[in-house]
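Start from the sequences, fold in the hints, and give me the full structure.
If you want the building blocks of each chain, they are given just below.
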Amino acid sequence: MKLIRSICLGGWSFLTFVGIWFAVGGARVEAQLPNSKELAASNPAAAYNLILMSLGQQKYIEGLELVDEVIRYWGPRAAEQYGPGFGHFYYLKGLLQMGLEDYAGAVVSFRTCREDFSNEIINNEGERESTKLQNRFLTHALAQWGACLMVLGDYAGAVEKLKAALAESAGVKIRTDVIGLNLARSHLRNGDFDDGLALLEKAMRSESLAIEMKRKAFLILAEDWSPEVSFDRVQPYLWEFGDLVRQDTRGNRWSRNPLFAYLGRQALDREDPLRALTWYSFLLDPRELVNHRRELLAEMELNPPTKPEEEAAWKSRIEETRKGIDEAESMVAAMLLGVGAGHYQMRNYAGAYAAFREVADAFPKHEKRPDTLYNVVASGVQLAMWQQAQKDGKQFLDEYPDHPLAPEVARLLAESTFILQEWQQAYEIAIDLRDRFEIGSVGRDVPDFVVGASLYHLDRYEEADAELTAYLKNYPDARRLEAATYYHGSCKVKRFQWKEGVEILEAFMEKWPGSDLLSSALYQSALGRFVLGDLEEALARIDRLQSEFPDAMEIPASWNLKGDVLTSLGTAEFEEIETPYRTAIELGDGVPVHFDTVAYSYWKLILMHAQAGKDEAAVALYDAYRKGYDGSRHELDIVAAVVDSLVEVGRSSEAEDTLRRQIRAYAGEAESGSLGELMGTFLKFLDTHYTPDEVENRIQYFPLPTPAPVPLRAWLTMIRIERAEKGKGSDASRAATLSAGYRELASLGDKREMPNYPLVKLARWYRDDGKANEAREIYEFLLEHRAQGPHVEMAMFDLAGMLSQTGVEEDGERAVTLYRQVREQSDASDLQEASVIGGGRLLFEEGDFEEAKVWWTDYLRHSNWQSARAEANFRYGTCIEKTGSPNEALKIYASVYALYPGHLNWSTESYLGAARILKTEGRDGDAILVLVDMLKRLGHLEHPGIEKGRKLFAEWKEEWVKKS
Amino acid sequence: MSRSSRILFRLATFVVVVATAFVVEGQEVTVQLTNGTVLTVRVESVDSASLAIRTAASQATARLGYDQIASVEWPETQEWVHAEQLFRTGQFGEAAVEFERLSQKKTTRDTFYPAPGNFATRAHLRMLDCFRYQAQAPSVAKFLPGLEIEKLPAAERELSAALELWALAGKGRWEKVLTGADAGISENRETKQGEMIELTLLKGMALEELGRFPEATLAYAASYSLNAATDRQFSKLALRRSIEMLASQAELAEAARDERREEKPDWFQLRAQAQFYASVFGKGELWENAHPVANLALSEKLTLGETALGQNARNRVEGEMGEASSGSELIEQVTADQMKQVEVKKAEAPGTENKDSGK
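Residue numbers (this note's numbering), protein chains in the order written: chain A, 54 to 1017; chain B, 16 to 374.
For the record, the hints were derived by calculation from the structure and aren't laboratory data.
Model, not experiment: these values are computed from the prediction.
Beta carbons: idealized from backbone N, C-alpha and C, even for Gly.
Any given hint could be a false lead.
Sample of chain B residues with no beta-carbon within 10 angstroms of chain A, all distances over it, derived [claimed, not checked]: (1) T45; (2) L48; (3) S60.
Stretch by stretch, here's where chain B covers chain A in the computed footprint (C-beta under 8 angstroms, at least three residues) [said to hold, decoys possible]: (4) 386-397; (5) 406-414; (6) 419-429.
Okay, here's the thing in structure tokens:
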């Protein structure tokens, strides 16, 4: 439009000249009508000037009425009387119509000017006749015609007209630069991008073109060309010509802000943030406008009017300025929101945070405040500014507790930290957040999930299990149902609750066959099946995983698992087992995430080769492992597996040095089991390759680091103690040696520095020596501070034993709990067995036969537990009897004394129990027969139970005789 | 006697003309007095404490002491015009050289020194501005003490808060810079946006020097975000420093990475900033001798994240579970070695055989 106006004005100046000529040339006036317009129309020269004046004063209606009157007045005679020059009135008419935005009408006028008032006049004889008055606006009319078509959206038409105007512009005093820019714009809008661009480039590179026109060319490039092409094509023009618009007056730059703001928004809409931010950088900071208007307001307020009649106008200006400030401030906010969005999508979260934060702080009443605060939180989370993000999130939730976005803010805070794998942070944030919402509500859904899943990743599986169980119960339509189900199953696996884990994971696979987590579920299901002994099922799942998910992350580990399964099957050949492990190495070698998986593969291969006597191969694998994987978490196992092979291939000093080096590396570790494992391996190595005296010597003179760490010294002392326990010599001398050893152990240092196993052994020594308090102190320390460490189950078991002796009810309850923990957590079968015995006995002695029955049932289910089989059966029978099933108990008693006659404690009690039941049922004769059987089989032995049976037999026999 | 003459008569001080006074070739200038009066006078001479002036209406020469003068609008010398042109077109290095030269011409003939508003003193201030715009803090620290504030035009005597902070920065007093920047930002938030951009840059520099890198990143970001990077000096400097800082951190992190076990991190923020700089300020490139890691980031493909809420029709958060949010990428492998109940038993540690089962 500005271009049109400029060409209008340019034409106007020429028109002024022509108008004067008109006045000088004069014309015949035929005054016909009485009104002033008609009067004016009758004098074309005067009318022309009046029309020009109207045009200059932008009184378009007035001017149009007059020009229409002129045209009407002179009618068809006009051309004849005045020649082509009358066409000027049509040109003026067109300009007036343009002023009134009647572009369609203006087109007609310009066409008339051009086509009906051509300077080409051919007379009746076919000869060219010179005209009375040339139409000097033919080219102008054409150019304006093109401009109107452009405004009307007929860009093809505009191109045609504007090109024609340029073509005939030679010798015509017309603004070809303006026509050129209009043509460029029309080309672009017509889709002729190359043609349009060429014209704009020519303009911007011109050495003679006025800078203002170059700026216009740049703006056309920005508005009409740049959105249509990729940004990498646009950028060179911005770099080359951007300063055209940057280096300009403030007033001009402000007037362009809407364009650049629009281009920025458009780019954001098209998800082209770099382009958006680049356009925003062309703005004049709208804060300058805010400040300018504030200064104006201050000045106005300082200078109130002195005359009352000026007050209203002054107040109106004040009001207008205030509105102007609000408007300018809204531009600031809009700019910041755009900038924030651009940086956000480009993942420059610092830039996003700064911008959104500013909107939130400086424009607290902005309509988009909730979205803005959300974005502040989101940016802060991405920047790992946890505390700030929490604070911002709380701000949102405080201000908008019921806003639809509130659950999303909670989700964002909890889940974003989770996605960034900041487990501890995610956990803390989620724990804090969820309290704002009710259990089971939408807002609490994801935070509750994150609590459980974060605990999982923090290896706090028991707590995670509880949380996820609750989550699945409280949210039947949970937003994270799929993931939570997976985590729940995986938790069970991590807790070695294989059966439940497999059940959950296999149900998961069935319910979500397309899940992203399916490969993980499949793998863990295979693992669980393996542990549960379902080897064929495990293999089937591994095969399915490998065929359906060849690129899954679990694939290398699945090959290791396959190797383990084949090993367990016992029927596979050596090479058949070796292949999967080697495949795992091939697939995982050099990939950081598979570092430990490949190390595991090496371990298994080394182990199987060493066990098969293939020492060269074992050592070669070990050397390969050392090159790329030393420091893995399987290092100790690998060292243990390879030492003997190293000796076999003549590298025995290397083997021993390796072990010593590893021991020294772990010498200060009190809490992990690594040092203990190493000591075991070292001792085994020494026993295999040295005489007892040489072993003794190597233990005695082990090269300790300086200063000597307590954990290592404790282990060395422990080894000496246990060798003394097994050693030769009299009981007295052994006791003295042991006592000295334990005293040395106790003197080594604070229990916080000692490894678990020596501590347990020391506690036992204290216990056996009558120092129950000292023993208990150690056990309690281990349970409180090293609950996840090795050998803690031993401490639990020992403490349970002590507590069960006190006779205090709370101690008894705690003892049962401890026995249960040992039962669940220990992987040592004998310790599990002992704990079940301990717990079962305690409950039995307390008279809790229902619960005791569960424990003894558990015992009896394990056919490999034999140390208290007779007792277990007896006690189980008694529990059955006491809980109301005497007939079942009778059978069990009978089986005990039949199967375990030599276990006099239980066989005699079983006899007595059976007899008691029969007597109670009035089957006196049968009761006596049971006692007879007892005395027949066992009567020759001395035992309190037998004595009891003998007395009972005598008593009942007498009764029987009396009755009969 | 005309009014202006009477004023002059009342205000003029009769000072013994110092032998060293120079004639200033009858320059006509506008003088603003401290009482607000503005005069157009012809200067007869300038000395160390006063001007000898004559008005058009009077033939008498009067003396105006500098304590009565707020400022004098001296006609701009060619040297000044040239130096200013360099300054206004952003050629601060060259401008600084010119201003420094001019600031040393402490003669009446060349710069109207020592009169208020003289070009030597103004050049000194401009030179400091040049140093500011190039973040040459040590130079500000060096030259600020020599600035004769009282000889500046009245309107320029209130120095920008940032100038003092640049001087502190030049001396390495970063804690003070930080405190001063924070105070300045609070005060200028509403009114002086241009100054605020400079202050956030200074804040970023202070935080960076104090090793508080994440906060420094944010402060720099304020410097180029709050004004949409429309300031082509301080915003540009801030972005450049942010990029250099991130690049250095990336380099250190890479050196410390165990590439066997850790994947290479994605420095997406560095990439975004480098490409932003190149597009807005660098004409497709970073600056000369930019950190190699920064140049590498520039050459990489920009990776976009999700759109911000409220922009381009993103008006709700889907919050649906994706691979990342489900944790599927994050699930650790539970491998066979973590199991306790395995077929192949490890060799047991001494004493782990539990002979003490039961009582």
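Each hint, compared with the structure:
1. For T45 (chain B), the shortest C-beta to C-beta distance to chain A comes to about 22 angstroms, beyond the 10 angstroms cut-off, and the non-interface label holds.
2. The Cβ of L48 (chain B) lies farther than 10 angstroms from every Cβ of chain A, with a closest approach of about 22 angstroms, so its non-interface assignment holds.
3. Annotated as non-interface, S60 (chain B) keeps its C-beta farther than 10 angstroms from every C-beta of chain A; the closest such distance is 39 angstroms.
4. For the region 386-397 of chain A, the stated coverage by chain B is satisfied: 9 residues place a CB nearer than 8 angstroms to a CB of that chain, which reaches the threshold of 3.
5. Residue count for the region 406-414 of chain A with a Cβ under 8 angstroms from a Cβ of chain B: 5. That meets the three needed, and the coverage hint holds.
6. Interface restraint, the region 419-429 of chain A with chain B: holds (5 residues with C-beta to C-beta distance below 8 angstroms; minimum three).
Comparing the model with each numbered hint stated earlier shows that all of them hold.
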